[in-house]
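Colleague: Chain A is fixed; fit chain B onto it per the hints.
Next come the chains, spelled out residue by residue.
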Amino acid sequence: MSATMAGTGNLPRPLMRVRNLMKHFPLRRRAIGLGRSSVRAVDGISFDVMKGETLGVVGESGCGKSTMARVLMQLIRQDSGEVVFDGRTVGDRTLPLQAFRRQAQMVFQDSYASLNPRMTIEDSIAFGPIVHGTTPAKALDRSHALLARVGLAPARFAGRYPHELSGGQRQRVNIARALAVEPQLVILDEAVSALDKSVEAQVLNLLEDLKRELALTYLFISHDLNVVRYLCDRVIVMYLGQVVEIGPAAEVFDSPRHPYTKALLRSVPSGDPLRRLDAPPLSGDPPNPIEPPSGCRFHPRCVVAQPVCSRAVPSLTDCGDRHAVACLRWQSGSGYSPASDIGGLPPIRTVEVSHA
Amino acid sequence: MTSVSAVSQPHGDAGLLPRLDAMAVRSPSHRARVMRRLARDPIAMMASAIILALIVAAICAPWLMPADPFATSMLKRLRPVGTPGYLLGSDELGRDMLSRLMLGGRLSLFMGIAPVVMAFVIGSAIGILAGYAGGRINMLIMRCIDVFYAFPSVLLAIALSGALGAGITNALISLTAVFVPQIARVAESVTTQARRSDYVEAARASGASATIIVWQHVLRNVTGPIFVYATSLISVSMILASGLSFLGLGVKPPEPEWGLMLNSLRAAIYGQPIVAALPGVLIFLTSISFNLLADSLRMAMEVKQ
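Quick note, the sequences are listed as chains A and B, same order. For the first sequence, position 132 matches number 992 in this note's numbering, and the numbering has no gaps at all. For the second sequence, position 97 matches number 637 in this note's numbering, and the numbering has no gaps at all.
Calculated from the structure, these hints are not laboratory results. Hints may be right or wrong, so weigh each one.
Derived Cβ-Cβ restraints for the label pairs, each shown as a range [said to hold, decoys possible]: (1) B/W755 to A/D1093: 20 to 30 Å; (2) B/L592 to A/Q1062: 50 to 60 Å; (3) A/S898 to B/R676: 10 to 20 Å; (4) A/A997 to B/G674: 52 to 62 Å; (5) B/R573 to A/E1151: 48 to 58 Å.
Just a few of them, taken from the derived set where beta-carbon distance is under 10 Å, the chain A residues facing chain B [to be verified]: (6) F885; (7) L955; (8) A959; (9) M966; (10) F968; (11) Q969; (12) D970; (13) M979; (14) V991; (15) R1037; (16) A1040.
Even glycine gets a Cβ: it sits at the ideal position worked out from N, Cα and C.
Chain A with its partners taken away, still in its complex shape (with noise of 0.2 Å):
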């Protein structure tokens, strides 16, 4: 790995530190004597996630972010590569996954489904404590705790079912059941997606207090570029499996190097209706992660690719400033010539307003 974030100045210590991530889901033969194929949801990732800081991870639908997550989580086993955190080994005998499960939690997407229909919520909460080896009457008075602190009264919501609440108190629940267990790392897979924007709003300032107070790390997962940007201290840019650009936030939104991540933040609609976009900045669907194509994963859609980015994979370079990026344009001795260059994507168009 040429671009470990660790070591350059006096940066916090890393509390996750991801190497060479793998997950393959295999698929069923096509044919007798065609080699089996599988998705590479999860192809050699590696990054670095600091003690304290909120790490956003973007990119298009079906580009890994969950699987990622899970993986984790090690809700799925990855095929190659490891977690190491706080210095251990996840699944290790240092760090087993249970141990290792109090440390890290999830909040997943679908507020509904990620609660047990049949349980009151204080249960759920008291769940994870218990299980931890909490007694159940302090793991009910830490639930109950929770519950206040995320903003549901338990005298009125402690012995409610999931059903009997709205998204965003459900959401909420789900925070605080994944704080019960007093971790350290919160994965929020999407945690806000599905939420009304006011109570979207709610609950990210609720993360964003919790985070201050519990002195919490968070891996924000989202597709929402907006969000994103608010949250995050660093982000990451997952394009098929892969990470293509990795930054402190503010330099990927401003100052984007990869042209996928220049085309993504291009079509985050713009509030002002004079400045439009002629052309979408991205067409076409992502390709099929069974078969990525070669070299460059993104050159079939990219708007500055030559003829070299068919052939040569491109690794993640160091650029200043923390912020790595892979792209053969950024890579010194690539075979890229930068003389050709020309701008590559659509101009943004100022539309004149003319009263005819």
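Modeller: Okay, now just chain B, sitting in the frame of chain A:
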């Protein structure tokens, strides 16, 4: 439904915006909610009443019977319904039909319910194990189950009973064996569904072991649907048990049992059609009551979001 916590409300108007901490909103448990919905369902209530009446009549038969169900009388054979002393007529050996139907209900209802209860326990255990284990273990268990499933249930029951020999115990065993694969299949499918759900994922992420997850999360969510399915099998079991008796593989005469009575009265169908049909009517009534109850139960169990 709300219940006010122990803090006493001096004026008793707990419903009028009391202080929040003084009032605990307790949602009724799932079971309480299902029961309340069932109580509001007239069909469920009627079916339950019929089943209850039949069970009470069967259990109390020795004390309620108007006559000796084994006393034969060659002179008073095949009396019609309403004959004095024979309220529901008499059978081909002159025995009182009402008494025999009441006493026969014991065996018939037992043969309807007992195999299903046994199959419910065994089949659920197998199905939940297969469903939660998934993968190869699931494949192995379910393919074995499929072998049993391949036979029509009537044929399987007859074959097993025939091989084991006549008698109540053997009929019970063969009927249980017929229902285990069916219940296991349902249990497997609902468990597989539950295993893939986010709340089980979340429980796994909490660090809970598979045993705890099955016990605390899966079981609560799968027993309902399995129970509903099992309830609907009671009628099938009764009919199959009656069929076995009809073929001479279940209960032996002179013990009264509805299926057996139907068989022996077959010859009298032209002479006394109503009397001959009575055991069948009771079998029909019990089956349809259990089926309607199962239907109502299924509807009452649906959680509306």
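Colleague: Take the C-beta atom of A/A997 and the C-beta atom of B/G674, compute their distance, and say whether it sits inside 52 to 62 Å.
Modeller: For A/A997 and B/G674 the Cβ distance comes to about 35 Å; the hint is violated.
Colleague: Taking the least C-beta to C-beta distance, is A/F885 closer than 10 Å to chain B?
Modeller: violated (14 Å)
Colleague: Quick check on A/A959 please, does its C-beta sit within 10 Å of some C-beta on chain B?
Modeller: Holds. Min distance 8 Å.
Colleague: Close enough to count: is the Cβ of A/F968 nearer than 10 Å to one in chain B?
Modeller: holds (5 Å)
Colleague: Can we keep the A/L955 interface hint, with Cβ of chain B closer than 10 Å?
Modeller: Hint violated; A/L955 Cβ to chain B Cβ min 12 Å, cut 10 Å.
Colleague: Given A/R1037 as an interface hint, is its Cβ closer than 10 Å to any Cβ of chain B?
Modeller: Status holds, d = 7 Å.
Colleague: Should the hint that B/L592 and A/Q1062 are 50 to 60 Å apart at their CB atoms be regarded as holding?
Modeller: holds (52 Å)
Colleague: Would the hint on A/M966 stand, with a C-beta cut-off of 10 Å toward chain B?
Modeller: holds (5 Å)
Colleague: Holds or violated: A/M979 as interface residue toward chain B, Cβ cutoff 10 Å?
Modeller: holds (7 Å)
Colleague: Hint says 20 to 30 Å; check whether the CB-CB distance for B/W755 and A/D1093 agrees.
Modeller: violated (41 Å)
Colleague: How does the Cβ-Cβ distance of B/R573 and A/E1151 compare with 48 to 58 Å: does it lie in that range?
Modeller: Cβ of B/R573 to Cβ of A/E1151: about 51 Å, so the range 48 to 58 Å holds.
Colleague: For the hint on A/V991, just tell me whether its beta-carbon gets within less than 10 Å of chain B.
Modeller: holds (4 Å)
Going through the hint list in order, the structure does not satisfy hints 1, 4, 6 and 7.
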